[in-house]
Amino acid sequence: MEPKPSSSAGTPIIEVTGLTKAFGRAPAKRVALRGVDLSVAPGEWVAIVGPSGCGKSTLLHLLAGLDTADSGSVRLAGEEISALSAGRRALARRHRVGLVFQAYNLVPHLTVQANVELGMRVAGTGRRATRARAQELLDLLGLSDVARALPATLSGGQQQRVAIARAAATRPDVLLADEPTGALDSEATGTVVDLLRTENAGGRTVVMVTHDYAVAATADRIVFLRDGKVTDERRPRGLTDSGGVVGVLPGPGPGATAAAGSSSGDDAEGPEPAGTGTGDVDLLGLGSW
Amino acid sequence: MLALLDRGPAHGYELKRAHDELFGDVAPPVNVGQIYVTLTRLERDGSVVHHVEANADGPDRKIYELTEVGRKALRGWLADPSELPVGKSDIVLKLVAGLITDGTIAPAVAEHRMRCIQALRTLADLRATKRPAGQSRDPGGLNEAANTDDTRATSTNTTGGTGGTGGRTDLPVGLGDLLREASVLHLQAELRWLDLVEERLSGRL
Ligand SMILES: Nc1ncnc2c1ncn2[C@@H]1O[C@H](COP(=O)(O)OP(=O)(O)O)[C@@H](O)[C@H]1O
Ligand SMILES: [Mg+2]
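The listed protein sequences correspond, in order, to chains X and P.
Quick note: the first sequence, position 184, residue 218 per the working numbering, numbers continuous.
Quick note: the second sequence, position 68, residue 72 per the working numbering, numbers continuous.
Extracted from the complex, chain X is given alone in its bound form (with noise of 0.2 angstroms):
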């Protein structure tokens, strides 16, 4: 994989500083976000991760234009959305931000098909542009068989990939997606992870809530989230040129520990390998020859 720009190289695409949110009044206050910090480099992958009701859905509609925030900054690619007029919020959000809704939000009455072209009606790309990026997506996704059908015929799973079609097919600079794997099984989940890193590798930046480790585990960076705060941060990271998944456990001697090592990246802020063990460690008690 080719190297990817860390979040602090350079201008944050997205940049969230003490981002403050809550619904309802007194009694039934809800308070969702309790001063977020969070910059994202442009081409960084980032998924957020965090119990039910911690925010996630609110942060990512934040970092959509979708609603305001009561207090904090969202910075679009150096532009203080916030401060736009809902209109003009609208349109800067319809130029760089593609979001994948939790429900979906499919529009009922037109067909799989012309859900994905919407975007792309509307920012008037070509009719052979349009169909031919459309079928794409929809090939990549298993869903050309369905079309020409509309969304309410469709199972969970299906529309939740068109959903993601729908968003991606603009190619946005910033695409925001709200559980993508969420009703999907592991085949689909492949497929849509599989998805999310061609467009990463696009350009795309990627934000992405789930609460699925292993979908987690394919980004650039890991946000945890937890009673609208940001606990923690993490850089995942592969050690495949150590043999497998063993390679992050506790390794058979100094070899493992310099494999480990010398794994590329810019992972200061990864977790040093841990100590050198017994050597047996099995993740699967295979090993009990």
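Incorrect hints may have been included.
[What the hints assert, rightly or not] If you only want the chain P side, here are some residues facing chain X, beta carbon under 10 angstroms, derived: (1) E72; (2) V73; (3) K76; (4) L78; (5) R117; (6) I121; (7) A123; (8) L124; (9) T126; (10) D129; (11) R131; (12) A132; (13) Q192; (14) R196; (15) V201; (16) E202.
Rather than coming from a laboratory, the hints here were simulated on the basis of the structure.
Predicted, not measured: the structure shown is a model, and the values here were computed from it.
For every residue, glycine included, the Cβ atom is placed at its ideal position computed from N, Cα and C.
Place chain P with the ligands on chain X using the hints.
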């Protein structure tokens, strides 16, 4: 080990290689020494026998093969109930120890969570490597490894003349995926449990 030998006679190193090719994505390479210890024990039990074969390129080699006793032991083991993935894993023991001794285990939980996530990342990277983008099924997985192994096994056979097939792996398509998936599911379950631990015991870790 018995299953590998059931495929044909082999020497220790061939068995090591076959193991590592089968489980390389999900388990550490097995130590050759460990193989010989096991073979010695199996021979004592009457499950395997060996003969020495001259090797033009190096020291003579012990070729092991399965006996009828060994074949029976293999069938018996296959029919035995398998262990359940429950109980006293290392992290469970640490949690309990921490709670009954007032020792703090929050760092251990955080560290373990990150290691699980890194293991998932490694498995995801392996999946991405072994399954070219746009392809929905792992066509080779271990079969790719099997092909390269076939070449090596052939050259071993011509130089060493072992006639052994224990090192060969021609496996059903998708087995690599299945082994990786087993690890993914176990890791996901472990991580969900760690979240639960944190949620229920917050402040007491
Ligand atoms: N539109 C809303 N009206 C009232 N409360 C809301 C609304 N949206 C979110 N909340 C509350 O804000 C908190 C965070 O919600 P949300 O961002 O949806 O969490 P998550 O996506 O992490 O599950 C929750 O307590 C939720 O009940
Ligand atoms: Mg949500």
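| task | With a cut-off of 10 angstroms on the beta carbons, see whether P:I121 makes it to chain X. | result | 5 angstroms, holds
| request: Classify the hint on P:E202 as holds or violated, based on whether any CB of chain X lies nearer than 10 angstroms to its CB. | output: 9 angstroms, holds
| Does P:A132 pass the interface check with chain X, least Cβ-Cβ distance below 10 angstroms? | 7 angstroms, holds
| message | Can you verify the interface hint for P:K76: is its Cβ closer than 10 angstroms to any Cβ in chain X? | response | 19 angstroms, violated
| field | Interface hint status, P:A123 versus chain X (Cβ within 10 angstroms) | value | 5 angstroms, holds
| field | Agreement of hint P:V201 with chain X interface, Cβ distance less than 10 angstroms | value | 12 angstroms, violated
| query | At a threshold of 10 angstroms, is the proposed contact between P:R117 and chain X supported by beta-carbon distances? | reply | Holds. Min distance 9 angstroms.
| Restraint check, 10 angstroms cut-off on beta carbons, for P:E72 near chain X | 22 angstroms, violated
| field | Interface hint compliance - P:D129 to chain X, C-beta minimum distance less than 10 angstroms | value | 4 angstroms, holds
| message | P:T126 was flagged as interface toward chain X. Is the shortest Cβ-Cβ separation under 10 angstroms? | response | 4 angstroms, holds
| Against chain X, with CB atoms and a cut of 10 angstroms, does the hint on P:R131 hold up? | 7 angstroms, holds
| query | Can the hint on P:L124 be confirmed by a CB-to-CB distance to chain X that is less than 10 angstroms? | reply | OK, holds: P:L124 within 10 angstroms of chain X, min 4 angstroms.
Consistency note: the structure conflicts with the earlier hints numbered 1, 2, 3, 4, 15.
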